[in-house]
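**Q** Each chain, letter by letter, is given below.
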Amino acid sequence: MMNHTLKGLCNLPAGTVITGKWHHQSYKLLKPLGHGANGVVYLAESAKGIVALKLSDNSEAVTSEVNVLRRFSKVQGVALGPSLLDVDDWTAPLMKKHISFYVMEYIRGEDFSTFIRKHGKEWVAILLLQLLSVLDKLHQEGWVFGDLKPENLLITGPPPTVRLLDVGGTTLQGRAVKEFTELYDRGYWGLGSRKAEPSYDLFAVAIIMIQSCCPIKLERKGDGRRQLISIIQADVMLRKYQTVLMKAIDGKYKRASEMKQDLLAAIGRPDPSHSKQRASQKTVQKSRRSKQRKRGKARGVLETALIIAVLLCAYAVYVYHQVLP
Amino acid sequence: MSRGTLRQILLITDGCSNHGEDPIAMAALAKEQGITVNVIGVLDQDTIDESGLREIEGIALSGGGISQVVYAKQLSQTVQMVTRKAMTQTLQGVVNKELKQILGSDVSLENLPPEKRGEVMEVVDELGETVELEVLILIDTSGSMKTKLPTVKEALLDLSLSLNARIGDNRFAVFVFPGKRGNVEKIVDWTPEIEELSTVFPKLTSGGLTPTGPALREALTYFERKRSLRSLIRDDESYFEGSM
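Chains as they are written, first to last, in the numbering used here: chain A, 8 to 332; chain B, 100 to 343.
Possibly wrong hints are sitting among the right ones.
Derived CB-CB ranges, DEER-like [claimed, not checked]:
#1 A:THR98 x B:GLN132: 20 to 28 angstroms
#2 A:LEU101 x B:GLU323: 45 to 53 angstroms
#3 A:THR98 x B:LYS215: 17 to 25 angstroms
#4 A:GLY231 x B:GLU131: 42 to 50 angstroms
#5 B:GLU294 x A:LEU19: 43 to 51 angstroms
#6 A:GLN268 x B:GLU197: 45 to 53 angstroms
#7 B:ARG153 x A:GLY231: 36 to 44 angstroms
#8 A:ARG232 x B:GLU294: 18 to 26 angstroms
#9 A:SER120 x B:TYR170: 24 to 32 angstroms
#10 B:GLU149 x A:GLN180: 43 to 51 angstroms
Footprint (simulated), chain A over chain B, 3 or more residues, beta carbon under 8 angstroms [claimed, not checked]:
#11 150-162
#12 204-212
Partner residues are not named here, just some residues of chain A that face chain B (Cβ under 8 angstroms, in silico) [said to hold, decoys possible]:
#13 TRP29
#14 SER66
#15 VAL73
#16 ASN74
#17 SER90
#18 VAL94
#19 ASP95
#20 GLY181
#21 ARG182
#22 GLU189
#23 GLY194
#24 SER200
#25 ARG201
#26 LYS202
Calculated from the structure, these hints are not laboratory results. Ideal placement from N, C-alpha and C gives every residue a C-beta, glycine not left out.
Okay, chain A solo, but in the shape it has when bound (with noise of 0.2 angstroms):
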């Protein structure tokens, strides 16, 4: 249910130029890229080129989402979600209610499943394997993601590369998880706590490749793990990741780098279809080889007693010359 005020934001004209109260930095917006329940976000131009705007009525929740965003930018190595670039508020014209916002690098790329529909189901184990070991550095440095689902992945590239979007969800360990989703949510599927601790994101992770694989979204019915597992069962790609899948369900994985080896493996295992190719093909080359060898064999034999007649001949001349005076 949107206010009249989001309303406003949603349809601000493009080169309309935004400028900060505090910082005093200027920003032409350029076209709307989406809006969620808290704020519209833009695509802007600024001093320092193509950037994301973020505009918002709720400034406790831009505050919330940009105090995430800090935290991130000091971790080294892996870019945990966009990098900040300006915060700020907008005296809008018009507009009564107090309006914050921020700016983030614009990332292009394509989302989870757009990307997965164009390059085919097997880039989603792949995907998947990155995504932990983005996890894994978010575990360790005390948060949870939350709200994670295919809307919030972004890949770009190439090489194709998750990105984290919408840190609307992040949550301290311990804590309450803030932002959720339904359907990837441990607590609507009754197997699990809303207590933010990295085997939440994990169940995410499991959700989003079944889901992958499903044509339609799932809805929970009844009895929840027992239905996880007759879709895994129903499909050829989750059967082949059924154990890792139960064992992230489950809860059982202390760490998102457990889950990635356990994928990795299992990627690694021929697939069953594979299997049975191969297995006829050897009988194949076993009875041809067979066959080889008794022909082989055969042909030895033959060319040994060529020989060993040919030399009785030779012998037999030679005797004969010598006996003959």
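Dock chain B against the given chain A, drawing on the hints supplied.
**A** Quick look at chain B alone, frame taken from chain A:
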């Protein structure tokens, strides 16, 4: 800053009150007593008319809380969102008051530069996580609510799942209006886990008027009461008494 306890009334209704005092006045009374009143309007196939909507918004506004009108399907998510938002709102009010006392009367969260605001929000977030919370849930059981009651039950069980993930303690109490013997009836006394909702809900009957105002007024008096020892023993008996 004293931590204290956050007190909220969560009113779930599908229409206008039509009996007893003005609920908006009762909500203002609640606010004076430090109790926030949030309202959720639930729709199924029906719609809420203009006056119903105005009343729902009015109650929340007077009660210093949040109102939202949703379809039954989104009830779970809405109940949680409303409760959390209201908590943050109340806590911010508290923090703003403290800031004014320390830094002067023209200072509020919005007047602080973004960097300072970040620090204050961290305090608010931490308070939100650790503060004790008491939520008294008032459920409308007039005739039209009959089909929505199962969804209400699910939403409340889900709310307790979410809130119990917090570090701070929670207590819930559930009342329905109209009650069997009066405007309001208590169906769950103050407790941290509302699992008993599952057994109590199927026994609820719906029908009668919508005495929202009297329900709010009576609910206010229950915040001071702790769960009585007698009621722990008499619990089962009182349910059977009602159904006879």
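**Q** State for each hint whether it applies.
**A** Against the structure, the hints come out as follows:
1. For the pair THR98 (chain A) and GLN132 (chain B), the beta carbons lie near 37 angstroms from each other, so the given range of 20 to 28 angstroms is not met.
2. Judged by the Cβ atoms, the range 45 to 53 angstroms given for LEU101 (chain A) and GLU323 (chain B) holds: they are separated by roughly 47 angstroms.
3. Checked against the hint of 17 to 25 angstroms, the C-beta distance between THR98 (chain A) and LYS215 (chain B) comes to roughly 18 angstroms, which is consistent with it.
4. Look at GLY231 (chain A) against GLU131 (chain B): about 45 angstroms separates their beta carbons, and that is inside 42 to 50 angstroms.
5. A hinted range of 43 to 51 angstroms for the beta carbons of GLU294 (chain B) and LEU19 (chain A) is consistent with their spacing of about 48 angstroms.
6. Checked against the hint of 45 to 53 angstroms, the pair GLN268 (chain A) and GLU197 (chain B) passes, with Cβ atoms roughly 49 angstroms apart.
7. For the hinted restraint 36 to 44 angstroms between ARG153 (chain B) and GLY231 (chain A), the CB-CB distance of approximately 40 angstroms keeps it satisfied.
8. Separated by about 20 angstroms at the C-beta atoms, ARG232 (chain A) and GLU294 (chain B) satisfy the suggested range of 18 to 26 angstroms.
9. In this structure the supplied range 24 to 32 angstroms holds for SER120 (chain A) paired with TYR170 (chain B), their Cβ-Cβ distance being about 26 angstroms.
10. Checked against the hint of 43 to 51 angstroms, the pair GLU149 (chain B) and GLN180 (chain A) passes, with Cβ atoms roughly 47 angstroms apart.
11. For the region 150-162 of chain B, the proposed coverage by chain A is not satisfied: 0 residues have a C-beta within less than 8 angstroms of a C-beta in that chain, short of the threshold of three.
12. Beta-carbon proximity to chain A at under 8 angstroms applies to 3 residues in the region 204-212 of chain B; the threshold of 3 is reached and the given coverage holds.
13. Look at TRP29 (chain A): its Cβ gets to within about 5 angstroms of chain B, closer than 8 angstroms, so that hint holds up.
14. The interface hint given for SER66 (chain A) is met, as the beta carbon of that residue sits about 6 angstroms from the closest beta carbon of chain B, less than 8 angstroms.
15. The criterion of a C-beta within 8 angstroms of any C-beta in chain B is met by VAL73 (chain A), whose closest approach is roughly 6 angstroms, and the hint holds.
16. For the restraint placing ASN74 (chain A) at the interface with chain B, the shortest Cβ-Cβ distance is roughly 5 angstroms, inside the 8 angstroms limit, so the hint holds.
17. Violation of the interface hint for SER90 (chain A) is found here, the shortest Cβ-Cβ separation to chain B being roughly 16 angstroms, above the 8 angstroms cut-off.
18. Proximity of VAL94 (chain A) to chain B holds as hinted, the smallest CB-CB distance being about 4 angstroms (cut-off 8 angstroms).
19. Satisfaction of the interface hint for ASP95 (chain A) is found here, the shortest Cβ-Cβ separation to chain B being roughly 6 angstroms, below the 8 angstroms cut-off.
20. The interface hint given for GLY181 (chain A) is met, as the beta carbon of that residue sits about 7 angstroms from the closest beta carbon of chain B, less than 8 angstroms.
21. Given hint, ARG182 (chain A) at the interface with chain B, holds; its Cβ is 5 angstroms from that chain's nearest Cβ, closer than 8 angstroms.
22. At a threshold of 8 angstroms, the smallest CB-CB gap from GLU189 (chain A) to chain B is about 7 angstroms, leaving the interface hint in force.
23. Interface hint status for GLY194 (chain A): upheld, as the beta-carbon distance to the closest one in chain B is roughly 5 angstroms, under 8 angstroms.
24. Taking 8 angstroms as the C-beta contact cut-off toward chain B, the hint placing SER200 (chain A) at the interface holds, the least distance being around 5 angstroms.
25. For the restraint placing ARG201 (chain A) at the interface with chain B, the shortest Cβ-Cβ distance is roughly 4 angstroms, inside the 8 angstroms limit, so the hint holds.
26. Interface hint status for LYS202 (chain A): upheld, as the beta-carbon distance to the closest one in chain B is roughly 4 angstroms, under 8 angstroms.
When the structure is compared with the earlier hints, violations turn up for hints 1, 11, 17 and for no others.
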